[in-house]
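Engineer: Spelled out from the first residue to the last, the chains are:
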Amino acid sequence: MLNYIWAFMILLGIIVAAFTGKMGEVTNTAIISSTEGVEVCIRLLGVLGFWMGIMKIAEKSGLINLLTIKIRPILRYLFPDIPDGHDAQKYIAANMIANVLGLGWGATPPGLLAMKALQELNLKKDEASNTMCMFLIVNISSVQLISVNIIAYRAQYGSANPSEVIGPSILATSISTVVAIIFGKLMERRKKI
Amino acid sequence: MIPLIVTGVIIYGLLRKVNIFDVFIEGAKESVNIILTIMPTLIGLMVAVGIIRVSGSLNILEVFLRPITKLISFPVELIPLIILRSISSSASLGLVLDLFKQYGPDSFIGRLVSIIMGCTETIFYTMSVYFMSVGIKKTRYTLVGALIANIAGVIASFYITLYIFGK
Chain C
1 MLNYIWAFMI LLGIIVAAFT GKMGEVTNTA IISSTEGVEV CIRLLGVLGF
51 WMGIMKIAEK SGLINLLTIK IRPILRYLFP DIPDGHDAQK YIAANMIANV
101 LGLGWGATPP GLLAMKALQE LNLKKDEASN TMCMFLIVNI SSVQLISVNI
151 IAYRAQYGSA NPSEVIGPSI LATSISTVVA IIFGKLMERR KKI
Chain Z
194 MIPLIVTGVI IYGLLRKVNI FDVFIEGAKE SVNIILTIMP TLIGLMVAVG
244 IIRVSGSLNI LEVFLRPITK LISFPVELIP LIILRSISSS ASLGLVLDLF
294 KQYGPDSFIG RLVSIIMGCT ETIFYTMSVY FMSVGIKKTR YTLVGALIAN
344 IAGVIASFYI TLYIFGK
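Quick mapping for you: the protein sequence lines, in order, are chains C and Z.
So for the first sequence, the numbering used here puts the first residue at 1; every next one is plus one.
So for the second sequence, the numbering used here puts the first residue at 194; every next one is plus one.
These are computed hints drawn from the structure, not numbers from a lab.
Incorrect hints may have been included.
Stated by the list, open to error - Within a straight-line C-alpha distance of at most 30 Å, the following computed DSSO-like cross-link-like pairs (lysine-lysine) qualify: (1) Lys210/Z <-> Lys90/C; (2) Lys116/C <-> Lys222/Z; (3) Lys222/Z <-> Lys185/C.
From just these sequences and the hints, can you work out the full model?
Structural biologist: The following block contains the structure:
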């Protein structure tokens, strides 16, 4: 899908530029923006490297495992259809903790393992189970607490106080997650199998 | 908050006799792979977004959307972002950086955008990857729920930004 979006964006831009007489700018921006892309990545490397280093310590020291056990009650409430102690719980916990800590990419592997485990429990193999729907909706509502990336980008573009958005973001994402959970629970009640 | 977390993690690691720095390096190395994966995508997307911006396409779109957003004083420049955000994280990132460039990260738009990015997630990509990995095509109410969650996030971000930072 991204193929079409990207092609569409560039073609649309060039065609419109032909009409608005901004072809020169298009060439310039191709050079400037591409360079910028690289610059952003290099700066991100620093922040991300540091954060992932710290998170690795948390993982190796067993801190993450500890957190996983602590959030079991939450998992039991959100996903009542999973038998306690099932692998799915472990994977969902790892996925959510990774998301909370801002390690989006680190969240995908356990997330996929969680789906596999949930599929085992799924009664209708070609349909998403209630648990799967809830899992995805909560995931997409974004449970990220600290978005290191955004802070790095803000700093790069000259923000006077890059991390001032952390508090408000947490509030906003909590709201969206609560909405997600309410919706999920309502839908579950309607579709009582 | 971050210094707190870092301190906590390091102290806990020391107590559990972890080779702090070696493990740190191990984790930091993983970031290199991630960056290598993102970089080509970001280059492609930033150029695409840049071209859209300098061509004036967004100005034209704005003219059409202005009457609607005048009603709730929501910045019209963010409509493309919100649509794009549900589709592709890299494309929306390119747009965000572009907005930072134009308005600055500390402007109302800059802050609102930062908060929106923090509380929303790509819908179609995430759903496809997760459901396809187990071969499920009937996703039932997942899409609706995801859209509602993201829209709630955007609305919340708008009022939170307005309330905390003002215009």
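Engineer: The structure should be examined with respect to each hint, and the outcome stated for every one.
Structural biologist: Hint check results:
In summary, the hint linking Lys210/Z to Lys90/C is supported, as the alpha carbons are separated by about 25 Å, within the 30 Å threshold. With a C-alpha separation of about 28 Å, the suggested pair Lys116/C and Lys222/Z falls inside the 30 Å cut-off, and the hint holds. Simply put, Lys222/Z and Lys185/C have alpha-carbon atoms about 40 Å apart, too far for the 30 Å limit, and the pair is violated.
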